[in-house]
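A.B. asks: Here is how the chains run, residue by residue.
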Amino acid sequence: MKHHNMEEKFKKYTLEDFLDDPDFCSWARLERPDMDDYYLHLLAKYPAQKETFQKAYKLVKLFDDENLKTNLTRKLQIWEEINKIYRNQSNSLKNYKLLFRYAATIALLVTIGSLSYYFISTTTEKNFVSAYNRQDFTETRLVLDNGKEISIKDDKSEIVYDQGSGQVKVNDELVQQINGTKSATMNQLIVPFGKQSKIVLADQTEVWLNAGSRLVYPTEFDGDKRKVQLQGEAFFKVRKDKSKPFVVETNNSNIKVLGTSFNVKSYPDETMEETVLVEGSISLNLGKKILGKDILLIPEQRLVAASSDNTYTISKVNVHDYTSWIEGLFVFKDEPLASVLMRISRYYNLEIKWINDAENRKISGKLDLKDDYQRVLNALALISDGNYAKKDGIIYFRLN
Amino acid sequence: MSSMADNEKTELYHNIWQKFMEGDDDALSSIYFEFFDLLLNFGMKYSCDRTFVEDCIQNLFVDLLKNRQKQKHVENIRFYLMKALRNQMASEKRKTQKLIPIDQPSEADFRISYSVEKSLIASETDEMRSRFLQMVIKDLTARQKEALYLKFNCGFDYIQISELMQISVESTRTMVYRTLKSLKDTFGTDYYSNLILFSFFRSL
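So the protein lines, in turn, are chains Z and E.
According to this note's numbering, the first sequence is numbered sequentially starting from 1.
According to this note's numbering, the second sequence is numbered sequentially starting from 401.
Treat the hints loosely; a few may be bogus.
[What the hints assert, rightly or not] Restricting the straight-line Cα-Cα distance to at most 27 Å, the calculated cross-link-like pairs of lysine-lysine (DSS-like) are:
#1 Z:Lys148 with Z:Lys169
#2 Z:Lys61 with E:Lys483
#3 Z:Lys84 with E:Lys466
#4 Z:Lys391 with Z:Lys370
FYI, nobody ran anything at the bench for these hints, they're computed from the structure.
Since we're looking at a predicted model, the values are computed, not measured.
Let the hints inform the model, and build the full structure from the sequences given.
C.D. replies: Have a look at this one:
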């Protein structure tokens with residue numbers, strides 16, 4: 001019926017009528033490929049209209065112009081600027097609360113504009129790859145040399161070994177007095193998924209431990225080396241001491257430093273180990289071979305090594321992207337979605353499953369980990385043009 | 401992009417705008433990223449200075465954040481943002497006095513020919529198209545070009561165009577019709593009739 005009316009109209013259409021018809025105009029702008037057949041059909045049927053039709057089409061096309069595109073970096077830059085100006089301009093007390101919230105939520109510095117995150121469709125369990133096994137314990141644990149374990153409930157905690165006084169403090173609270181005459185023993189700090197911790201070692205070296213990480217260290221560094229063991233991700237700010245090199249031992253490598261700061265990521269369930277040097281210098285011995293060649297890194301270099309065969313690449317990076325997790329920001333550039341999901345699952349202690357495509361989809365962006373996981377996943381869905389659904393405590397992430 | 405999808409999109413924008421009004425900052429950022437290029441392209445029709453247009457877009461979003469509580473219900477977000485950008489650019493221009501305000505338009509104001517000059521490229525059809533376009537629109541005023549651009553390129557209706565250009569709906573309608581008529585006369589010369597093979601036909 002409707003089509004019949006349109007045909008009647010089409011027969012009598014003047015140039016102005018065509019140009020007044022929004023359907024026609026959007027078809028001419030190539031926005032309605034579904035109408036191709038329709039117009040072809042009408043033209044074949046009413047050849048007398050062809051000329052008017054063509055003129056109208058040409059006219060619309062006249063205004064069809066080239067499209068300027070802005071690169072993502074620039075868009076992000078302007079968006080950050082917008083937030084900065086907004087925060088600076090509205091500093092009245094009344095707005096304080098709102099502002100604070102806003103500041104804590106620049107969660108969505110999205111790279112790919114897409115609105116799909118409001119579509120959360122139902123998902124089925126098959127085709128999904130499992131993310132990460134959840135840990136059973138949910139509290140940060142400090143294991144002292146006498147076997148004593150201290151549980152720390154806070155999401156973020158700080159542990160200090162004060163060599164001078166021999167005190168061990170957790171969030172400023174004294175938990176152990178180390179007897180100075182006793183020889184050093186190994187302690188460890190275990191940070192579960194969903195938590196972070198900072199520890200100040202006996203030599204005043206500071207170590208930030210990311211979620212799902214473990215650091216084994218001595219209560220005192222006596223001997224010719226300062227040696228710690230790491231599983232997971234940590235940022236080190238090593239106290240300078242030329243006479244006693246600081247060595248970080250991971251599953252794959254020994255990292256020797258004098259005084260410097262750097263980030264190491266070496267999770268046992270990941271196939272890559274990553275080291276980013278912020279300042280100073282470090283040398284790495286991959287495979288921990290006695291005769292192995294040491295690799296020297298200079299600041300702003302990132303080394304990624306494959307756990308399987310110790311092949312590696314070195315690239316120049318913006319170090320802030322790799323250390324911003326300390327401030328609760330998670331920056332990623334051209335990172336496979338799967339690896340981003342893995343980080344998020346660790347950070348929030350969530351079980352996340354995804355489809356295989358997530359290995360190939362590279363995304364860039366910035367997430368504020370102070371947000372709850374829904375907001376972060378929403379943002380991620382937006383960035384990656386995907387969506388997610390939660391079922392039986394498991395999150396299924398899927399690309400559109 | 402079917403008309404169905406457009407409706408869905410419109411509804412989606414609506415929901416997102418609603419969320420923004422309710423205090424969801426993520427919502428505004430998704431609007432920002434979704435509309436940035438569209439606004440940039442639109443703004444570039446009024447100024448050659450890309451930085452200036454970007455600055456205006458920036459101010460526009462700062463204002464949106466600042467005046468969130470004052471926002472009224474918005475019927476069409478795309479239209480709303482484009483209108484706001486046009487106003488923003490007009491008031492910025494007024495401030496700097498570098499250019500003539502948009503609501504006192506001059507030839508220099510609306511530059512639909514910009515892209516044409518730029519897109520004189522190798523292909524003969526394109527070159528002919530550009531020449532044809534220049535011929536067709538060279539006698540149009542900036543206001544006429546703007547009205548046609550808003551109509552054909554942006555797909556706005558007369559009410560929206562009149563709101564954007566700050567003239568009555570009746571004047572808008574008259575202007576568009578008059579412009580079309582003069583274009584029709586140009587077409588009458590048939591200078592161009594053999595030249596255009598629609599991309600649509602090409603693709604068949």
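A.B. asks: Would you mind marking each hint as holding or not holding in the structure?
C.D. replies: Verification of the supplied hints:
Pair hint Lys148 (chain Z) plus Lys169 (chain Z) holds up; C-alpha atoms about 14 Å apart against a cutoff of 27 Å. Our distance criterion of 27 Å between C-alpha atoms is met by Lys61 (chain Z) and Lys483 (chain E), whose separation comes to about 23 Å. About 12 Å separates the Cα atoms of Lys84 (chain Z) and Lys466 (chain E), which keeps this hinted pair within 27 Å; it holds. Our distance criterion of 27 Å between C-alpha atoms is met by Lys391 (chain Z) and Lys370 (chain Z), whose separation comes to about 24 Å.
The structure meets every hint from the earlier list without exception.
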